[in-house]
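Peer 1: Here are the chains, one letter per residue:
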Amino acid sequence: MQDSVKPEGITPSQTVGPFFKYGLTPTGDYAWNDAFTNSTLTPDVSGDRVRIEGRVLDGDGATVPDAMLEIWQADAQGRYADPQDRRALPNASFRGFARCGTDKDGNYSFDTIKPGALPDPDGKPQAPHIVLAVFARGMLRHLYTRIYFSDEAGNAADPVLALVPADRRTTLIAVREAGKAVYKLDLRLQGDNETVFFDV
Amino acid sequence: MTFIYPTDSNKAHPLPLSPEYKSSIKRAPNKPLIPMRHTLSELTGPVYGHETVREGDNDLTTQHKGEPLGERIIVHGHVRDEDGRGVSNTLVEIWQANACGRYVHVRDQHPAPLDPNFTGAGRTLSDASGYYRFVSIKPGAYPWGNHHNAWRPAHIHLSVFGHSFVSRLVTQMYFPGDPLFPFDPIFNSVPDEKARMRMVSSFDLENTKPEWALCYRFDIVLRGKNATPMENH
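Chains as they are written, first to last, in the working numbering: chain A, -8 to 191; chain B, 602 to 834.
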């Protein structure tokens, strides 16, 4: 048996490297099954079904074909599928997590539902958003950011967007395509129009 | 600001830009990360159970018709938080090169043989005490193009979830006494030596199985909640 001495610190992060696909996002290309897909949709989930898509770009503007993105979000009523969210349980079998590897052209996409607004620790409303983690070769630790939606009036009063200089907020806001349930957001790891990443 | 998960713990991690590791130069943000208070979105995380993990997914030596070549190993340990509490029922995913240092990934062009009996991927759930266990073969070191005569020390990649989205960890487990440690910019991207050594497993003779497999212990420590009570939840 192990004693439960307090550890001297956490295990440091290391890069996901270039060769994670067969283990984490095989999607039929390798002799291994996927634990997760790029969809959070379940047959019984309520809410507006949307697609979020875009590209991942490096500091030269080159597409990143070996990134992995993970999203975590609330359901359409703004509730997380985790018992640590002690409000009402989320609907249906919705779990709110998905994973996507970028393709050879640096594209990603997620099929999900639009999350509802939810409170911040002071009880103020946070606009609908999705938490996003970005992993890639060259990234020694993953980066955290958020995806907001261009057609949400609540963005103006969102307490997290308010922390971001006004001229950088657009890097967090996925833009709805006219007439479609599709939102576009490119992630720029470095340089002009660099995506805002959060220290959490 | 009240942080439920102390952010000081993040000092153990590498900085985003580590110029010795060439791939980080164009992929690290130039602008500082923006600090923010943790909200429900950061303090919760996905919950996955046994339906995600099939029986035998933690044994990388039995996924094909024959047995893979190489030294059979057991890798086990506990997933804990930084206060020492076991992290129960959390998903641990691994992937690794074969005994020759070759990955099955299509872009790995290292001229070492693939092993038809080894894919190199596994997953398991920690138990109620945080304990996890894999059976595999010891991965080989392999060359890479970072600099002249660059070789990665043998390692197993690990992905662990923990109990919130901020406890998410992807890391690499190394083997004790590897002569390549001083020369590897990825290993040395962790600035603090003690933190660096937390990525090195220890040889576990007590749990080595006679006539069958060497055992290595690797305890994984995730960020944990401090004593500050959660507000408004």
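Any given hint could be a false lead.
[As the list claims (entries may be wrong)] Examples of chain A residues lying across from chain B (beta carbon under 8 Å, computed): (1) Gln5; (2) Gly8; (3) Gln68.
Derived by calculation from the structure, the hints in this document are not laboratory data. It should be emphasised that the depicted structure is a prediction, and the values quoted were computed from it without experimental measurement. For glycine and all other residues, C-beta sits at the position ideal for the given N, C-alpha and C.
Peer 1: All hints, please: hold or fail.
Peer 2: Taking the hints in turn, this is what the structure says about them:
no.	hint	result
1	Gln5	holds (4 Å)
2	Gly8	holds (6 Å)
3	Gln68	violated (13 Å)
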